[in-house]
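Novice: Letter by letter, the chains look like this.
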Amino acid sequence: MAETVTSTADLKLVVVTPEATVLDVTADFVALPLYDGEKGVARGHAPMIGRMGFGELRYRVNDETAKYYVDGGFVQVQDNEISVLTNRALDIDQLDAAAAKEQLDEALTRTTSNPEEMAIRERLLLQARAQIRLAEKA
Amino acid sequence: MANPRELDKRRKSIRNIRKITRTMELIATARFRKAMDRANAATAYTNQIMKLVRDLTNAGVAVEHPLLEQRSDTANATLLVLAANRGFCGGFNGNVTRAGLSHLKTLREEAGEVRVEVSGKRGISGFKQGRVAADETFTQFEDKPAYDEVEVIANRYLEDYAAGRLDRLDVVYTRFESVSKQHATVETLLPLGGLDVNEQEQDEQRSSTVYEFLPSPESILEEVVPTSFRVKLFKCFLDTAVSEQIARMVAMKGATENAGDLIKQLSMQYNRARQGQITSELMDLIGGVEAIS
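Going down the list, the sequences are from chains A and B.
If you count by numbering that gives the first Met the number 0, then the first sequence holds residues 0 to 137, one letter each, in order.
If you count by numbering that gives the first Met the number 0, then the second sequence holds residues 0 to 292, one letter each, in order.
Note that these hints are calculated values from the structure, not bench results.
Treat the hints with care, since some could be wrong.
What the hints assert, rightly or not - Incomplete in silico selection of chain B near chain A, CB under 8 Å: (1) Glu150; (2) Ile152; (3) Ala162; (4) Tyr210; (5) Glu211; (6) Phe212.
Every residue gets a Cβ at the ideal spot worked out from N, C-alpha and C, and that includes glycine.
With the rest of the complex left out, here is chain A (with noise of 0.2 Å):
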């Protein structure tokens, strides 16, 4: 556990989605799009594992950061080692706020009658959102 982890290792972060892995970098710092907010993971962190949500992931290595939008997933982290697991890891430039846009308007529009059909009007807006703000800042 972390008495074997040395803080001058690497932190290994990995992003995989169905397609590809997207990124298998060494980084100094990571912030995570958590289900409820930003999380930072830096090195020598305890091991964890999160549902993530929509949003920015960001990684930071040699003063240069990097921003990619993932939609969803899943966070392991162990061993100064984080996996991602996304439906679709974006970089920011490539986002389409326009698709977004109508997403979200049709989810507005969504009736709902029971709990599973509200969950998944609330994920679509969730994510539509989280595309729009982003393609917004890029």
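Got chain A sorted already, so can you dock chain B onto it with the hints?
Specialist: Here is chain B on its own, set in the frame of chain A:
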């Protein structure tokens, strides 16, 4: 005796065919490599998911989810058949279509309403021949199925399942086992049978790591189950794409070899016919000379 010119013409056209089949074989090989790489990438993802589930169960979470539970009666079922858009791949499309049609029969006995969805032009025409009207057809999946496109379909199934419009989903596809072995299989994806955790492996890998769960193991599991369904469905599409290219590779290799054999045979016939022609011309000449002298 056959006309040598006729034989030569045939030989030429077979040479052209051989050129085409060889090219198709090469293309299929290249596409197969690419499809294989994608399938491997998906495997990396599923391995990670499995590791996650293992760590969750190690933390003492009971694996329970509506998607995992068998429903007492199946009123609405959906059969999804994955075939290819193109032919020239041996028995690939035929096998899937046949498996699909025969499974449809059994499914109709078990469930009240059966919806049929077919992907791939060849599968669609195969079902038309079997006199089964498909409720929905997809033709957008080529050798590189995109996760985004599959996800749309997966989410629709999940929505239908949650709303009670769907009780069972069976997928007929060509399972990729190894480069030399693929076969048409039927798999029930909804309800999910389980999360594929290898029990033995689980015991061996029972790590001492104590994880912090954000927000809670239950909440994470709730999200893992639909994700693993989506990935499973995506894997079916990927397997289909890989198997199609392999089938085409094998079929085209056979065709090229056959063309080569045929050319050899025709060459022999052609040479013999030519020789025969020359001989008979010589005989004519000799006969003429003899008549004069």
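Novice: Now tell me if each hint is right for this structure.
Specialist: Status of the hints after comparison with the structure:
1. Glu150: 7 Å, holds
2. Ile152: Result: violated, 14 Å to nearest chain A Cβ.
3. Ala162: With a closest approach of 6 Å, the Ala162 (chain B) hint holds.
4. Tyr210: 5 Å, holds
5. Glu211: 4 Å, holds
6. Phe212: 5 Å, holds
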